[in-house]
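The listed protein sequences derive, respectively, from chains A and B. The numbering of the first sequence is the numbering used here, which starts it at 1 and goes up by one. The numbering of the second sequence is the numbering used here, which starts it at 436 and goes up by one.
Hints in this document: simulated from the structure, not taken from any laboratory. Among these hints, one or two may not hold up.
Covered stretches of chain A (chain B as the covering partner; in silico rule of three or more C-beta atoms under 8 Å from a C-beta of chain B) [as the list claims (entries may be wrong)]:
{"id": "1", "region": "325-333"}
{"id": "2", "region": "405-411"}
Quick list of simulated restraints, FRET-style, between CB atoms [said to hold, decoys possible]:
{"id": "3", "chain 1": "A", "residue 1": "R64", "chain 2": "B", "residue 2": "Q599", "range": "31 to 37 Å"}
{"id": "4", "chain 1": "B", "residue 1": "D565", "chain 2": "A", "residue 2": "F28", "range": "18 to 24 Å"}
{"id": "5", "chain 1": "A", "residue 1": "A351", "chain 2": "B", "residue 2": "D565", "range": "48 to 54 Å"}
{"id": "6", "chain 1": "B", "residue 1": "L587", "chain 2": "A", "residue 2": "A22", "range": "17 to 23 Å"}
{"id": "7", "chain 1": "B", "residue 1": "A470", "chain 2": "A", "residue 2": "G146", "range": "26 to 32 Å"}
{"id": "8", "chain 1": "B", "residue 1": "A470", "chain 2": "A", "residue 2": "D24", "range": "29 to 35 Å"}
{"id": "9", "chain 1": "B", "residue 1": "D565", "chain 2": "A", "residue 2": "S340", "range": "19 to 25 Å"}
{"id": "10", "chain 1": "B", "residue 1": "D565", "chain 2": "A", "residue 2": "E80", "range": "32 to 38 Å"}
{"id": "11", "chain 1": "B", "residue 1": "L587", "chain 2": "A", "residue 2": "A68", "range": "48 to 54 Å"}
{"id": "12", "chain 1": "B", "residue 1": "E514", "chain 2": "A", "residue 2": "E414", "range": "58 to 64 Å"}
{"id": "13", "chain 1": "A", "residue 1": "V35", "chain 2": "B", "residue 2": "E514", "range": "23 to 29 Å"}
{"id": "14", "chain 1": "A", "residue 1": "A276", "chain 2": "B", "residue 2": "D565", "range": "54 to 60 Å"}
In this text the structure is predicted, and so the values were computed from the model without any measurement. Even for Gly, the Cβ is constructed at its ideal location relative to N, Cα and C.
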Amino acid sequence: MSAICERWVMLADRQAVGEALARDEEQFLAEHAQVCRHCGAEDALWRQAGRLLDAEPAGADDGRRDQALAGAVVERLRAERPAGVIELAARRRRRTTAAVVAALAAAAALALVLRTRPGDHVARSRVEIERVSGVAEIAGATARPGMELAEGQALVVRSGSACVTLSHGVRACADARSELRVASALDADRRLHLAQGRVVARLDKQPAGMSFSVATRDGVVTAVGTVFAVEVDAAGPSRARVLQGVVAVRDARGERRELGAHQSLVIGETRPRALAPAEEQSDLALVDGTTAAAAAKDADVVSIESLPLDRPGDATAGETPSAAELLRRAQELRQNARWSDAAAAYRRLQAAHPRSAEARAVHVSLGELLLTRLGDPSGALRAFEAYGGGPLAQEARWGRIRALRALGRAAEAERAAEDFVRAYPDSPAAKTLKK
Amino acid sequence: MQLVAARDPAAERELASRLAGRVRRMSRTILRSDADSDDAAQLGLLEVLKSAKSYRGESSIERWADRIAVRTAMRIARERRRNDPLDEEAPEELAAPAPDQSELQRPIADYLARLSEERRTVLVMRHALDHSVAEIAELTGVSVNTVKDRLLTARRQIRRMIRQDDVLAEARLASQRR
Numbered sequence: 001m002s003a004i005c006e007r008w009v010m011l012a013d014r015q016a017v018g019e020a021l022a023r024d025e026e027q028f029l030a031e032h033a034q035v036c037r038h039c040g041a042e043d044a045l046w047r048q049a050g051r052l053l054d055a056e057p058a059g060a061d062d063g064r065r066d067q068a069l070a071g072a073v074v075e076r077l078r079a080e081r082p083a084g085v086i087e088l089a090a091r092r093r094r095r096t097t098a099a100v101v102a103a104l105a106a107a108a109a110l111a112l113v114l115r116t117r118p119g120d121h122v123a124r125s126r127v128e129i130e131r132v133s134g135v136a137e138i139a140g141a142t143a144r145p146g147m148e149l150a151e152g153q154a155l156v157v158r159s160g161s162a163c164v165t166l167s168h169g170v171r172a173c174a175d176a177r178s179e180l181r182v183a184s185a186l187d188a189d190r191r192l193h194l195a196q197g198r199v200v201a202r203l204d205k206q207p208a209g210m211s212f213s214v215a216t217r218d219g220v221v222t223a224v225g226t227v228f229a230v231e232v233d234a235a236g237p238s239r240a241r242v243l244q245g246v247v248a249v250r251d252a253r254g255e256r257r258e259l260g261a262h263q264s265l266v267i268g269e270t271r272p273r274a275l276a277p278a279e280e281q282s283d284l285a286l287v288d289g290t291t292a293a294a295a296a297k298d299a300d301v302v303s304i305e306s307l308p309l310d311r312p313g314d315a316t317a318g319e320t321p322s323a324a325e326l327l328r329r330a331q332e333l334r335q336n337a338r339w340s341d342a343a344a345a346y347r348r349l350q351a352a353h354p355r356s357a358e359a360r361a362v363h364v365s366l367g368e369l370l371l372t373r374l375g376d377p378s379g380a381l382r383a384f385e386a387y388g389g390g391p392l393a394q395e396a397r398w399g400r401i402r403a404l405r406a407l408g409r410a411a412e413a414e415r416a417a418e419d420f421v422r423a424y425p426d427s428p429a430a431k432t433l434k435k
Numbered sequence: 436m437q438l439v440a441a442r443d444p445a446a447e448r449e450l451a452s453r454l455a456g457r458v459r460r461m462s463r464t465i466l467r468s469d470a471d472s473d474d475a476a477q478l479g480l481l482e483v484l485k486s487a488k489s490y491r492g493e494s495s496i497e498r499w500a501d502r503i504a505v506r507t508a509m510r511i512a513r514e515r516r517r518n519d520p521l522d523e524e525a526p527e528e529l530a531a532p533a534p535d536q537s538e539l540q541r542p543i544a545d546y547l548a549r550l551s552e553e554r555r556t557v558l559v560m561r562h563a564l565d566h567s568v569a570e571i572a573e574l575t576g577v578s579v580n581t582v583k584d585r586l587l588t589a590r591r592q593i594r595r596m597i598r599q600d601d602v603l604a605e606a607r608l609a610s611q612r613r
C-alpha cells in the first residue's frame with residue numbers, strides 16, 4: 001500500500017470512530033477516493049453499508065419472505081395472548097350498502113396511522129369532501145365540496161355533518177363535533193381514524209383484497225364489502241351491528257361467531273340481540289344525509305382528545321425533531337468542524353429529549369467538545385459530571401480531571417485522579433496520570 | 436402505535452409488514468447462519484410488537500425497532516456462543532475470501548458475512564444505523580475502546596478482503612489478456 005493510500009486509510013478510520021477531521025483532510029479523503037481504485041472501492045463499500053437496511057426487497061421472493069415473517073409473528077403473538085381485541089371479518093359480498101358506525105367515548109390518545117414507507121408505489125385512494133351541511137374545517141380552513149383530504153389530514157366537523165368519498169364506492173359521513181383523520185389512503189387498506197364523534201360509512205361491494213376500516217381508540221373495524229354496522233363505545237364494551245348481510249366476529253380468545261342482519265352483539269359475549277329500529281334508522285340517516293339522524297346522534301357524541309400522528313417526518317407530528325435526528329445533525333456539524341453549532345445541537349437534543357439514550361450518551365461528547373474545541377472547561381465539567389455512571393463513566397471521569405485542571409482546581413483534580421487510578425488501574429489514562 | 440400497544444390485530448399486522456424486511460435484513464447481517472437469523476428475525480419482530488407501549492416517539496419507528504432487533508440478534512449470538520464455545524471471534528487470518536468468490540466488487544453483505552457477530556454488529560450499528568461510537572458503547576454495554584477496537588478491526592478485515600479481491604481480479608484480467 002502506498003503512503004498516500006495509508007494516509008487515506010488512517011483518515012477514513014479516524015472518521016469512522018467519530019473523530020472530527022480538518023477540512024483539508026476531508027477534502028483529501030474525497031479526492032483520493034476519486035482517483036484511487038482501491039480506496040475508491042472501499043469508499044463505495046462503506047457507502048453501500050449505509051444503505052444496507054434501507055434496501056427494498058430484492059425480488060418477489062424477498063417480499064414473500066417478509067410477508068411470511070410478518071404473518072408468522074402475528075400468529076405467534078395471538079397464540080401467546082389470552083385477552084382481547086376486536087376483529088371483524090366480512091363473509092358475504094353482496095351488492096348493496098354497508099354502514100359502519102363508530103360512536104366513541106374516551107379521553108386521550110388514539111391515533112393509529114402507520115403509513116407505508118416513502119417510495120411505495122401502490123394505488124392510493126383520493127379522499128374528497130362530497131358534502132358539507134354546517135361548518136367543517138381542514139387544517140383550519142373551511143372545508144368545501146371537492147376539496148381533497150391528504151393522508152394525515154383531519155376533517156373537523158363543528159356543526160351539521162360532512163361526508164367524504166373514497167375509491168370503490170365508499171362514503172363516510174361525520175356527525176357534528178367529530179374529527180375524522182385519513183390514516184391511510186392506500187387503496188388496499190383505506191383507513192379513517194375517528195378521534196371523536198361519530199362516523200357512518202356506506203360502501204359498495206369491494207373488489208377482492210380491498211378493505212376499508214374505521215380506527216378508533218378501542219380498535220379497528222374493517223368492512224370488506226358486506227353490510228354491517230359497528231359501534232365502539234370506549235365507556236363500555238364494543239358492539240357489532242349488522243344492517244344487512246352477515247359478518248364473522250372474532251374475539252381476542254379466538255372464538256369466532258357469525259352475526260346476521262338486524263342483530264347486535266357485544267364483542268366477547270355469545271348471544272346477539274335484535275337491533276333496535278331506532279339505532280338502525282339513526283345510522284342510515286346520517287350516511288344518507290337526512291335529518292332523521294339528528295334526534296339520535298347526540299347520545300353518541302362524546303368529546304375525545306385528538307392525537308398527534310406518530311409518523312416520522314409528518315408535519316403534524318410536532319415541531320421537535322426526534323432525538324436521533326438531532327443527534328445526526330450534531331454529528332454532521334461536528335464533522336464539519338462547526339464546534340459551537342455542534343455544542344448547541346447537543347444541548348438542544350438534551351433539552352428536547354432529556355430521557356433518551358442519545359441525550360445521555362452525548363454528555364461526554366459535549367464535554368469533550370467544550371473542553372478541547374471551545375475553551376469552556378466550566379461547561380465541560382458540568383457535562384462530564386452530568387453523565388454519572390454507565391459504559392462511558394471512564395471517559396466522563398477522565399474528562400472531569402482534565403476540566404478541573406483547566407480550571408486551575410488542582411486539589412480537586414488531584415483527588416479525582418487518585419480515584420480514577422484506583423478505579424481503572426490498567427487504562428491508558430491511568431498510566432498517563434501515574435507519570 | 437397506540438393501537439399496536441392496545442393489541443389491535445390489524446395494526447399489529449400492518450406494523451409487522453412494515454418492519455419485517457428491515458428486521459430480517461438486520462438479523463441476517465448480524466448472524467451468519469440462516470436458521471439463527473430466521474429465529475432472530477422472528478423473535479426480534481415479536482419483541483417489537485410486544486414493546487409497542489415503550490415507544491415514545493423520540494425517534495422513527497424504524498430506528499426504534501432497529502435497536503430492539505439488534506439486541507435480540509446479539510442475545511441469540513451470545514446464547515449460541517455459550518452453547519458452542521468454539522464459535523468465538525473469527526481470527527483475522529480466516530477472513531480472506533475464497534478465491535472462487537472473488538469479483539471486482541462484491542456486495543457489502545458478502546464481506547459482512549465473514550466477520551464475527553461482535554464485529555459485524557458494531558460495523559452495522561456504525562455504518563448502517565449511523566450510531567456514534569459512544570451510542571454503540573451505551574447500547575451494547577461495552578466500553579468505547581472496545582467498540583473502537585472492534586470497529587477498526589472489522590474495517591481492517593474488510594479492507595483486506597477488498598484489496599485481495601482486487602488483486603485476484605487484476606490477475607484474472609491479465610491472464611485473459613494473455
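The hints, checked one at a time:
1. 325-333: holds (count 4)
2. 405-411: With 0 residues in contact (Cβ-Cβ under 8 Å with chain B), the coverage given for the region 405-411 of chain A is violated.
3. R64/A / Q599/B: 31 to 37 Å: Since the Cβ atoms of R64/A and Q599/B sit about 36 Å apart, the hinted range of 31 to 37 Å holds.
4. D565/B / F28/A: 18 to 24 Å: The hint (18 to 24 Å, Cβ to Cβ) holds, given that D565/B and F28/A are roughly 23 Å apart.
5. A351/A / D565/B: 48 to 54 Å: violated (22 Å)
6. L587/B / A22/A: 17 to 23 Å: holds (20 Å)
7. A470/B / G146/A: 26 to 32 Å: Since A470/B and G146/A have Cβ atoms about 56 Å apart, the given range 26 to 32 Å is violated.
8. A470/B / D24/A: 29 to 35 Å: violated (49 Å)
9. D565/B / S340/A: 19 to 25 Å: holds (23 Å)
10. D565/B / E80/A: 32 to 38 Å: Between D565/B and E80/A, where Cβ atoms are some 33 Å apart, the hint holds.
11. L587/B / A68/A: 48 to 54 Å: Roughly 38 Å apart at Cβ, these two residues miss the hinted range, so it is violated.
12. E514/B / E414/A: 58 to 64 Å: violated (46 Å)
13. V35/A / E514/B: 23 to 29 Å: violated (47 Å)
14. A276/A / D565/B: 54 to 60 Å: Since A276/A and D565/B have Cβ atoms about 58 Å apart, the given range 54 to 60 Å holds.
Of the hints listed earlier, those the structure fails to meet are numbers 2, 5, 7, 8, 11, 12, 13, in rising order.
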